[in-house]
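J.: Make the full structure from the sequences, and use the hints.
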Amino acid sequence: MKKSGLQDMKRENLRLIMNVILEKETVSRIELSEIIGLSPSTVSSLTSELIEKGWIVENGVTTPTGGRKRIELSVNSSKGYIAILEIGWRRAVLHFLDLALEKKHSVLISDYYITGNELLEQVTHCLREEAENFCNGKLAGIGLLFQEDMSPSDFNVMYSTSLSSASISFCEAVKTQFKVPVMEEYSQVYSFRQIMKKEESTNSAHIEIGKKVFVSITSNGTFLDMTEGKKADMTPFIENTGKKMSADKLSEGIVNLLQMICMMFPIENVYLSGRLDEGDRLAERINGQLKKSDLLKHAVEVKAIKPVINHMETDLGKRVLKKVICEM
Amino acid sequence: MLQGTCIIIAFLVIAAFMMAKKLPTLLALPFLAVVICVIAGVPAVGVNGEGAQIGWLSTVLEAGTVRMGSAIMAVIFGAWLGQLMNKTGVTENIIKKSAELGGDRPLIVTLIMVTAVALLFTTLNGLGSVIMVGTIVLPILISVGVPAISAASIFLMAFAVGLSFNIANWTSFSSIFGLEIDNIKGFEVYMLAVTLIATIILIFVEFKKNGVKFAFSAPVSDQIQTKQLRGTAGGLAMITPLVPIVLVAFLKVPVVPSFLAGIFWILLFTSKSFSKAMNLLVKTCYDGITDAAPAIILMVGIGILYLAVTHAMVKEVLNPFLLAVVPTSKVGYIIFFSILAPLSLYRGPMNLFGLGSGIAALVIGLGTLNPQAVMGAFLSAERIQGCGDPTNTQNVWTANFAEVDVNTITKKLLPYLWTISVIGVIISAFIYF
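The listed protein sequences derive, respectively, from chains D and P. Each residue of the first sequence is one higher than the last, beginning at 54 in this note's numbering. Each residue of the second sequence is one higher than the last, beginning at 11 in this note's numbering.
Honestly, the hints are just simulated from the structure, not real lab data. By construction, the Cβ of each residue, glycine as well, lies at the ideal position given by its N, Cα and C atoms. Incorrect hints may appear among the rest.
What the hints assert, rightly or not - Quick list of the computed label-pair ranges, beta carbon to beta carbon: (1) D/Tyr166 <-> P/Pro337: 55 to 63 Å; (2) D/Gly190 <-> P/Ala158: 21 to 29 Å; (3) D/Met313 <-> P/Ala322: 49 to 57 Å.
T.: Here it is as structure tokens:
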């Protein structure tokens, strides 16, 4: 049986208020009261507490409403900052966002592949020694954005005491190091989510072709858990992807892969992205081969797409901030 | 005599290198095994009069890698189940539901947290799981007013309570001592009881010393990240850690099938669809093997060292030394192993996950002590190592997370752990002599 005390209820209400302000960007107390369904006096008392703690500010914008002035509230951008670490094979970049989710600065951590331990060391140095030069307040949360064909296990950290050692995920190591909320996201999943918003496809597969070949599957609009988080490494099904392959071999490999996937999942649309020279022609060729296949019991359409990567850091930053609010 | 002296010197030198952090354990054990064989005059390649292999390349290095095979498999399957518990939200739910049960009473919250942590670590293994559990439990303990150093110490003691009933560990001990799992269980029951009592005493002492009397409730929020397990299925999923224990300890089912039953059980009560369950099964298997990797490679080293010290030619050289040192009377046994128990720290000679495995094999090989008495002595010493060794990854991580000094935790826990060891040795003396 859950025991919800007054403290818990108050904490929950504070979170609700923070979430609404985050979504709306600016909002008045009376609007907050209407949206959340709490009395104006309760909202007023809770917002005063949040102002006192520095989470929100009265941003000075006043709107006259029938003779009375309405003061807008917004997240206090200088209360702290969020760090988004973008991790790819060739580079790692640390972006700094204030709590209003405005990007303040980016630092190139490395322009070549480095191990999890090296990455952790350099990120720690940057956050502890340099962050204060371009951000106010304390580190509030961290987002890890794994790019393209990266896998979080490529950056596992060796936690060693010299006599004993264990391999832990980069996320666990970052949590241990900074003791702030940490979120992981994959750019592939992110861009796929953007495509799904546009295409309204609920049962689909996304094949990312790069040094490795990863597949993500959505069923009824939900990402399925797979062997690498929200994606699975299917490289062995498409031979020799490290080298340049002929279009014939590549399409043949993808067709084989799709036949297998479609036997297990009710896929309607397939999206191809990654290192594709002529994505549309490849999709056309695959569609042609799939039509001839007698293994498929339903129609599947293959499209080549370019990942939507705009505002990825901001989007992840927002989700990190929500997690920070959740744990405040 | 010269050979024996050289082997003991080699033992001491390599132990010193390990303790000075110059040589990792996973290298030290096979290296020591080869050095012992070379000094004892075991040929690299050779056959005896009956045509059987006696060379250390095949009988020690090759055979040693699979000597602990069953223990390695138990660790892998245990880690697989552990990963499933973490990924399905069972671990998190057990802790959070327990914290809710405690309400706003710090002592009750702490006692329930200890129970939850102990229950979880009967199945969980590896630093990943310690992090998973620790990141939830430590903030809860600290938030109810338990000082950070006390919270870290209580958490590690609770971990040690669970560890005494960790059946993957039982299999390792069974391989090291050449005893049945039932024998290991028979003694670990006492260790569980003694460690639990010591943990409760630690909690009361810490609460009294620090005057813990804060009464606000623990911050158990329904965070968006938490997978909520509800209803009968959720309740049944949360008893997953008990499934392998009940099967092994009470129904005498072998260890790996018991873990498989646990895996089946948790999937049955947490899965929403067959395809999702299969995906999760594969992913957690791979992640579990990664979690178990340090233990696996350590066990390969233990197996090699075991076969080195039990090689007929090595035993011949070392037996006279050991006969002079190892006690044969009950009182001598109690005094000898009680005093030496702290040598399990820093991967010392009483540490079963280090040189201790070889020494235990040597002592059993002498034939002057009942193998179960040797097991009792070493498992008692293992209590000190399990949660008191400042070189354990779990100790360093806990200290780091709670922002306290790892050596302070060892100093705080050592009186309790040494007492547990002494009691363990006394119990062992009375039931196995």
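J.: Hints first: check each against the structure and report whether it holds.
T.: Here's how the hints hold up against the structure:
Checking the proposed 55 to 63 Å range against D/Tyr166 and P/Pro337 shows it holds: the Cβ atoms sit about 57 Å from each other. Taking the beta carbon of each, D/Gly190 and P/Ala158 are about 24 Å apart, inside 21 to 29 Å as hinted. For the pair D/Met313 and P/Ala322, the beta carbons lie near 55 Å from each other, so the given range of 49 to 57 Å is met.
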